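Enquirer: Residue-level listing of the chains:
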Amino acid sequence: MSESASLVLEFLRLAWTALAGALLAFALLAGLAQILRVGSAGVMGANLWVWQSVSALLAVVVLALFAFLGIPQIVNALQTALPNGGGCGPINSLGTYASALIGGLAALRMLKAAFTGMLSASIGGASTFSNALIESGEAIFGMLLAGLAVPLAAWFLGTC
Amino acid sequence: MFDPIMEQILIIARDAWAFLSGLLIVVALLGGLYYVLQGTAGAAFGGSRMTSMAIIGAVALVILVLFAFLFLPQVGEMLKNFQPKPPF
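Each protein sequence line maps, in turn, to chains C and G.
Take the first sequence: its position 94, counting from 1, is numbered 94 in the working numbering, and each next residue is one higher.
Take the second sequence: its position 34, counting from 1, is numbered 194 in the working numbering, and each next residue is one higher.
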């Protein structure tokens, strides 16, 4: 089971690295696009458009910083709070497996939410942006629920 | 496993960066020309406010382009340094 967990986690780690790289590339492109928008709007004298673009640029930078600095810290904090196993035998193995997978999946889901949020902020999609933030919150809430569920399942199924 | 996909994404992103940079230069040049025309017209018929607004606009355009070409790559470098390892 530990081999299977390490295999899946390795896959998730590769996905994390690729998604982080893509987020960086798209953040820079979104920044350049917003600056282009500021320039063209400024020349046309469209004040509102200029301020929209400046806010979108700031949102992109803040989201990228959140993704790179905030998400790893949140995941680390939640993973230390997540119990590894609640007993012995197969229950313990399953608990360890589940907590490792839950941590990896939640981290990846939060990074994906930040990526979607950054993309929608750069194109002005307010509803997609809020959906992405909700997804990020769901991932945190899911990890908190899992922190309760693993010891409860161990208690229900019997500990030694 | 994701490296080939990442390579393809980066190639597209590099192309898009070059395209947007070129477009920004074109828009900035056209905007600069427009401001020069506005300033010249203002100076010709004594519109001092029009001339000063045109000068401010041209300076703002130069600052904007400098911001895009000097600040954004630095932000990219900073974010690249912050790029986290998988936290699990």
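I should point out that these hints are in silico values taken from the structure, not numbers from a laboratory.
Fair warning: there could be bad hints in the mix.
What the hints assert, rightly or not - No more than 25 Å apart at the CA atoms, straight line, and that leaves these computed lysine to any residue pairs for SDA-like:
(1) Lys-240(G) x Phe-179(G)
(2) Lys-240(G) x Leu-19(C)
(3) Lys-240(G) x Val-61(C)
(4) Lys-112(C) x Val-43(C)
(5) Lys-112(C) x Lys-245(G)
On a predicted model such as this, the values are computed, not experimentally measured, just so you know.
Enquirer: What hint numbers does the structure not satisfy?
Expert: Of the numbered hints given earlier, the structure breaks just one, which is hint 4.
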